[in-house]
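So the chains spell out like this:
Number of protein chains: 2
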Amino acid sequence: MKAVVVGVGDELLSGLVVNTNASMIGELFLAAGVPVVRSVCVGDVEDEIVEVLRDACRSGDVVVVTGGLGPTQDDRTREAMARLLEVGLVRDEAVVDDIRERFRRFSREMPEANAKQGDHPEGTTLIPNAWGTAPGIRAELDGAIVYAIPGVPGEARRMVVDQILPDIGRRPDVAASIRTREVRCVGVPESSLADMFGDLAEAENPKMAFLPGGGEIRLRFVASDDDPSVCERLLDDAEAIVRERLAEVVYGVGDTTLEAVVGGMLRDRGLTVAVAESCTAGMLAARIANVPGASDYLRGGVVGYATDAKASVLGVDLSDGPVSQRTTSDMAASVRSRFASDVALAITCVAGPDPQDGVPVGTTIIALAHADNVEVRELRLPGDRAQIRQFATTFALNLLRLHLL
Amino acid sequence: MKAVVVGVGDELLSGLVVNTNASMIGELFLAAGVPVVRSVCVGDVEDEIVEVLRDACRSGDVVVVTGGLGPTQDDRTREAMARLLEVGLVRDEAVVDDIRERFRRFSREMPEANAKQGDHPEGTTLIPNAWGTAPGIRAELDGAIVYAIPGVPGEARRMVVDQILPDIGRRPDVAASIRTREVRCVGVPESSLADMFGDLAEAENPKMAFLPGGGEIRLRFVASDDDPSVCERLLDDAEAIVRERLAEVVYGVGDTTLEAVVGGMLRDRGLTVAVAESCTAGMLAARIANVPGASDYLRGGVVGYATDAKASVLGVDLSDGPVSQRTTSDMAASVRSRFASDVALAITCVAGPDPQDGVPVGTTIIALAHADNVEVRELRLPGDRAQIRQFATTFALNLLRLHLL
Chain L
1126 MKAVVVGVGD
1136 ELLSGLVVNT
1146 NASMIGELFL
1156 AAGVPVVRSV
1166 CVGDVEDEIV
1176 EVLRDACRSG
1186 DVVVVTGGLG
1196 PTQDDRTREA
1206 MARLLEVGLV
1216 RDEAVVDDIR
1226 ERFRRFSREM
1236 PEANAKQGDH
1246 PEGTTLIPNA
1256 WGTAPGIRAE
1266 LDGAIVYAIP
1276 GVPGEARRMV
1286 VDQILPDIGR
1296 RPDVAASIRT
1306 REVRCVGVPE
1316 SSLADMFGDL
1326 AEAENPKMAF
1336 LPGGGEIRLR
1346 FVASDDDPSV
1356 CERLLDDAEA
1366 IVRERLAEVV
1376 YGVGDTTLEA
1386 VVGGMLRDRG
1396 LTVAVAESCT
1406 AGMLAARIAN
1416 VPGASDYLRG
1426 GVVGYATDAK
1436 ASVLGVDLSD
1446 GPVSQRTTSD
1456 MAASVRSRFA
1466 SDVALAITCV
1476 AGPDPQDGVP
1486 VGTTIIALAH
1496 ADNVEVRELR
1506 LPGDRAQIRQ
1516 FATTFALNLL
1526 RLHLL
Chain B
1126 MKAVVVGVGD
1136 ELLSGLVVNT
1146 NASMIGELFL
1156 AAGVPVVRSV
1166 CVGDVEDEIV
1176 EVLRDACRSG
1186 DVVVVTGGLG
1196 PTQDDRTREA
1206 MARLLEVGLV
1216 RDEAVVDDIR
1226 ERFRRFSREM
1236 PEANAKQGDH
1246 PEGTTLIPNA
1256 WGTAPGIRAE
1266 LDGAIVYAIP
1276 GVPGEARRMV
1286 VDQILPDIGR
1296 RPDVAASIRT
1306 REVRCVGVPE
1316 SSLADMFGDL
1326 AEAENPKMAF
1336 LPGGGEIRLR
1346 FVASDDDPSV
1356 CERLLDDAEA
1366 IVRERLAEVV
1376 YGVGDTTLEA
1386 VVGGMLRDRG
1396 LTVAVAESCT
1406 AGMLAARIAN
1416 VPGASDYLRG
1426 GVVGYATDAK
1436 ASVLGVDLSD
1446 GPVSQRTTSD
1456 MAASVRSRFA
1466 SDVALAITCV
1476 AGPDPQDGVP
1486 VGTTIIALAH
1496 ADNVEVRELR
1506 LPGDRAQIRQ
1516 FATTFALNLL
1526 RLHLL
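Residue numbers (my numbering), protein chains in the order written: chain L, 1126 to 1530; chain B, 1126 to 1530.
Wrong hints could be hidden among the right ones.
As the list makes no split between identical chains, a pair holds if one copy fits it or if it spans any two.
[Unchecked claim] Straight-line Cα separation of at most 35 Å, DSBU-like style, residue types lysine-lysine; simulated pairs: (1) Lys1241 to Lys1332; (2) Lys1332 to Lys1127; (3) Lys1127 to Lys1241.
Note that these hints are calculated values from the structure, not bench results. Quick caveat, the model's predicted, so the values are computed rather than measured.
When you get a sec, could you build the whole thing from the sequences and use the hints?
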């Protein structure tokens, strides 16, 4: 069984909006054993939507159409489907009442235009939308099942997960299973991984991909087989090989993040952390606080951006210059003491665009203070200002993770 | 003249990679007067690429193909083009030498597979790639011009800007001009804007779109006319209407950011800023530091995440609770004094997922301390944890902007 995705909307063609719905659907459908074989974007032009939909129903067994279900004149997906089905539109008054009620809850009167969102081609089914005003539409067309869903990414994802995938899963011809697994690695360059995993990269099942980003690398495996338990075994084997070769370079599997893993380790050990930052200016603290419940272990931090503020607020020794091992080490020790935390991280770096006092762009120093000692690492990070700052927070979190292991 | 974009690669269909090339091309081509009317993604299957390319040449006068030009067996764009043109592939040895030389510069030997990147269908032209190993290919097919370019976003953008747009601009039939302008607004709900600009939203030229995100709204205008100076006049008129109705809600035009605008105001007035953060945990400081040169005005900040750290590090009065006007106001005054800054911002909020000591999720308090006074604002922000924290930093920056105006 194969799927085709159709995105409707001028904004997808004019560059206003990146079509993240297509990749969301591609990923979820693949995991459900229904690969997307083509994805098409078309503008808000009824004739064009009709043409693209007709082709889509020829190429795919399932067609997911996103967008064009809003209340305005521009929204033509309903009309295009009705034309292909050679039927008229009918209005579901119960759905219109629901939409009216949704507006009332926000103390607003429903604009009359929104009544149109209760319309659907005769003989098709409306798909309820718990998250917005536009219901989806399910139709059968030329032997394909067509699901038209809203273009708003959050609503689209909910409708795919809650309604469409279960509906597809009920079909007897979805036999082949596809399972994916991501092994998350940090602290190793991509080129080394490529050299170490040439054998897995060439394997057909599971297929492997390297996904680098932000100083981390995910190894993604996609296994396929008629029997889902075979898929799981293939993935288990691949994961075991990766863990054996990379040991502590692997920090997690699946949807987790480095900050969540480090946070969990701190919580398990009953430890607290504080941070002192210069160039990253709060990014490390904010990243630790991205995890709900971070208040269990994050005490806080200091951003010493101006050089003299490092001295006045943190009382550090600047004699080797602001981006130096001595200053960074002092920052970690100072913030640990001021916030009475068990461990503390400090980052200084030259993020650019220009060198600072002769220290080249990319120079990054990370210090970790704990009860026994202060450890310091010096790196030279590649990339632009945003990448250097992002990489620096990743390396700092990883230094803490390796210490806690 | 109309364009069609074709993205080649399994990774675009499986959700591994979001097709940002399509929106990049959509935006740049629209600005050059050549709207993209359809965008298609297809996998690494030669037959499918041939079929999609054939259709694309029927729908568009210009076709831009991204991806499938790499050195591996999976890369089939060259072969698909040759089949459509009914010619063979020829190898440009000078290009192969360039690729070999590029590897040598990185102290590596060129893998023999890369020689394939010098291949192109007979009768077509190679487009030099200064940023990577894969040259592009220019072909004429069925009356359309086809440009095949690499899928790596940075290389794709450079090739579009440096080679393809100038090539298209030389064609006599690209007469109509299209110009865009974005007016950036902050501090007003989208629904109010929709009510205030019903007239502009219905106008055909320039076309207007509301682009909300992160607590800000961009009003995007797209003007078209044969005469570019007419486009500019239409955009000037629209911008003047927006500025007249919204006054200080407009903070900038074009590519700028709120933090860059606020930073520029601080620099112009010779003022410095410090920040104290709780729930945002460094996001505000990091956002101010996103702007190169922020060291001219950002002194630093304190993240008081644990409640008692607010008291011990910042010495604030917690008697009304950690998320209260009194605590937030004290935080702003304290951090201003500790960092010896001219102005200071403080944020406390309940970002969720759970209420804190009976204070509901979304409650956000922002304080601005300056020489005369501390101003405090209390808001109830919508959204999830990430949105609330993002919105809070936007409102804090806007409070400072309005003070500086």
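Exercise. What are the numbers of the hints the structure violates, in ascending order?
Worked result: none
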